[in-house]
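> Chains A and B, in that order, give the protein sequences.
Per the working numbering, residue 48 is the first one in the first sequence, and the count goes up by one each step.
Per the working numbering, residue 2 is the first one in the second sequence, and the count goes up by one each step.
Some hints here could point you the wrong way.
Stated by the list, open to error - Which chain A residues face chain B? A few, computed with CB under 10 angstroms, are given here:
1. 339
2. 343
3. 373
Stated by the list, open to error - Listed below are the simulated DSS-like cross-link pairs for lysine-lysine, each with C-alpha atoms no more than 27 angstroms apart in a straight line:
4. 113/A / 128/B
5. 114/A / 128/B
6. 269/B / 259/B
7. 269/B / 128/B
Hint data in this document are derived by calculation from the structure and do not stem from the laboratory.
In this text, a Cβ means the ideal position worked out from N, Cα and C, and glycines have one as well.
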Amino acid sequence: MTYEPPHAGDDRTPSDPEDAADQPLDTMAASDAVRDEVRMDLSGGGVSATTAGGLWRTAGREIIRKKSAIIGMALLSVLLILAVFAPIIAPYDPNQVLFDQGVSPRDPPCIHLFGCDEEKSQHILGIDGNGRDYFSRIVYGARVSLLAAFVAVLFAMFWGTIVGLIAGFFGGWADNVLMRIMDVLLSFPSLLLAIAVVTVLGPGLINAILAIAIVTIPQYARIVRSSVLSIREQEYVAADQALGVGRWRLLAHRIFPNTLTPLIVIATLGIATAVLEIASLSFLGLGVQPPTPEWGSMLAAERNQVFTAPHLVFFAGLMIMWNVLGFNLLGDGLRDAIDPRLGR
Amino acid sequence: MGRFLLRRFISSIPVIIGILALVFALARMIPGDPCRAALGERATDEICDAYNERYGLNDPIYVQFAIYLGDVATGDLGESFRFGVPVTDLLIQRLPTTIELAAAALFLAVIVGIPLGIVSAYRHNSKTDVATMIGANIGVAMPVFWLGLMLQYVFAVFLRDTPLALPPSGKLDAGLIPVPFYEAWGLPVNGFMEFLSEFTIMNALVTFQWEIFQSAVLHLILPAVALATIPMAIVARMTRSSLLDVLGLDYIRTARAKGLRERLVVLKHGLRNAMLPVVTIIGLSFGLLLGGAILTETIFNLAGVGKTLFDAITSRDYTVVQGFTLVVAISFVIVNLIVDLIYTYLDPRVRVS
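Please construct the entire structure, taking both the sequences and the accompanying hints into account.
And the structure:
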């Protein structure tokens with residue numbers, strides 16, 4: 048039996064990525080005391096600086112060796128291909144009603160290769176309740192799912208970074224006010240707050256994206272802030288200050304680039320959460336509205352038919368899982384590659 | 002210790018005020034005139050003037066907020082437009098279902114997740130470990146609503162005529178009406194008694210209504226499993242990584258060197274310290290549970306907080322949305338507070354720093 052020492056890897060990260068440690072999904076709401084403790088228990092390692100280029104090159108090499116990252120990338124590539132080439136892959140228009148072609152609602156899958164009657168038209172995942180080709184809708188659903196989650200995370204990351212930079216760098220009352228607001232946002236279960244926000248904004252894809260983004264801003268703000276706090280104490284920052292480098296320049300050229308590492312890891316994992324939450328909102332009828340093909344709302348439309356046509360529920364959910372799994376694995380791999388201390 | 006607790010308690014007050022302000026603001030930001038939303042077709046200008054006057058909607062916003070704070074402090078969360086009953090009464094009826102569901106799910110998550118994590122860490126990189134971690138990764142990725150529907154299909158349709166068949170929805174078999182314990186015991190009724198009696202399983206247990214107890218437990222299994230999956234996966238992963246960290250520390254080597262049995266080293270020396278982050282993650286999972294409860298209750302047709310909240314949103318019953326959101330958020334804060342207390346108890350270093 049062999050045990051790896053916990054801090055086997057060398058400390059190559061220039062910042063403070065412990066928040067990216069084993070705190071999956073949106074579970075970042077502990078009080079500061081607890082979080083600091085968790086951080087301490089998980090890392091305990093010191094912080095040292097290397098050049099960003101070196102880190103990324105190492106990370107690139109590492110990530111190719113990580114099984115989870117490779118599987119994650121493979122899963123996501125499939126989705127990306129589906130999304131980009133949807134018009135070529137999908138045999139039908141996702142919104143085309145096919146009743147005039149001899150199908151009936153919720154026909155089970157018909158695949159010629161597996162002995163389905165050649166006379167019938169081929170629908171490899173069957174027909175949905177409105178007579179549309181289910182496979183085509185699944186394919187087009189990849190577009191919405193990927194894009195929506197990506198935009199939501201980008202938005203949250205942008206505002207979270209701004210809040211975190213200001214709070215961490217300037218400290219004082221700005222820090223206090225901003226982080227207390229973040230605490231309030233974090234004190235709601237994220238799906239509940241997202242639902243509340245969509246209630247105010249009204250249902251729809253854009254509003255669902257906004258809601259998910261608003262709800263996740265605090266995660267990014269906290270990570271950026273804690274990175275900034277540790278980077279601010281670094282000697283190279285002190286050196287710049289001694290040389291008379293201005294505050295904004297310091298912030299933009301010294302501090303911000305070094306917060307990116309943990310941020311990207313968290314964002315990758317955050318996309319996974321966003322995929323799930325957008326699907327959840329759509330499932331509840333608050334996100335993507337029919338007839339747009341989106342997995343969550345497709346599932347909702349057929350959920351009462353689960354006993355008679357389970358395939359219409361099964362595949363949509365499988366795709367959501369596929370997507371979430373892809374981003375989670377990629378995020379895990381990325382984290383391990385960037386922060387070798389946590390790699391195992 | 003006492004001072005730490007007090008400080009921690011006081012620091013959550015601004016958060017609670019923030020929650021109140023946010024919930025209040027969200028309710029005011031909902032598009033549309035509250036009067037027309039409430040009265041619908043019947044709303045005329047005169048009626049609406051009277052309505053706004055009566056509910057203080059013409060007052061300045063800070064006065065309204067102050068009145069709202071006063072109402073909340075006295076337990077008055079307004080009246081549901083849809084049901085015509087006070088929101089507090091609805092909470093009394095619906096909260097226990099959710100607590101029962103969340104508690105069952107949390108229990109499952111801990112009772113399965115921690116042992117899996119321990120085995121995984123101890124047999125690091127073994128087949129068991131790899132299988133558990135693949136399972137955990139899939140578990141975290143599964144949408145709750147999908148898992149719920151699939152469980153319904155498997156256990157109510159696929160396994161219909163086998164002993165493994167489970168009821169797919171509702172809280173009890175049709176026709177079963179539980180007798181509240183206060184009636185069985187001839188006690189006077191009040192809100193709190195009613196609240197307690199809504200814990201169907203506990204109520205059936207203390208009043209020996211076995212048929213109801215059995216039915217309630219069977220109905221709870223599928224939703225609890227659906228809701229437990231994500232926290233279970235998270236707990237297993239956290240236990241594993243935390244235990245792996247701890248098992249590499251010097252004091253574990255010392256314990257091994259002095260010849261302690263491996264079992265004792267891992268379970269007593271190792272696990273105790275490894276549990277700290279796990280406790281945190283369990284507390285944090287509570288938020289996931291509450292969010293997941295909205296989806297789970299909707300799918301399994303359980304009249305809990307989540308389903309009521311969702312129904313209230315779709316039917317624009319805003320006082321219910323406001324009241325329920327508030328209660329859920331505040332209970333989340335309280336749970337975090339409790340987690341901190343447990344943490345402080347487990348790890349004295351927190352108190353010192």
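> Against this structure, judge whether each hint is valid.
To see whether the hints hold, each was checked on the structure:
no. : hint          : in the structure
1   : 339           : violated (18 angstroms)
2   : 343           : holds (8 angstroms)
3   : 373           : holds (9 angstroms)
4   : 113/A / 128/B : holds (18 angstroms)
5   : 114/A / 128/B : holds (15 angstroms)
6   : 269/B / 259/B : holds (15 angstroms)
7   : 269/B / 128/B : holds (24 angstroms)
The structure is inconsistent with hint 1 alone, although it conforms to all the rest.
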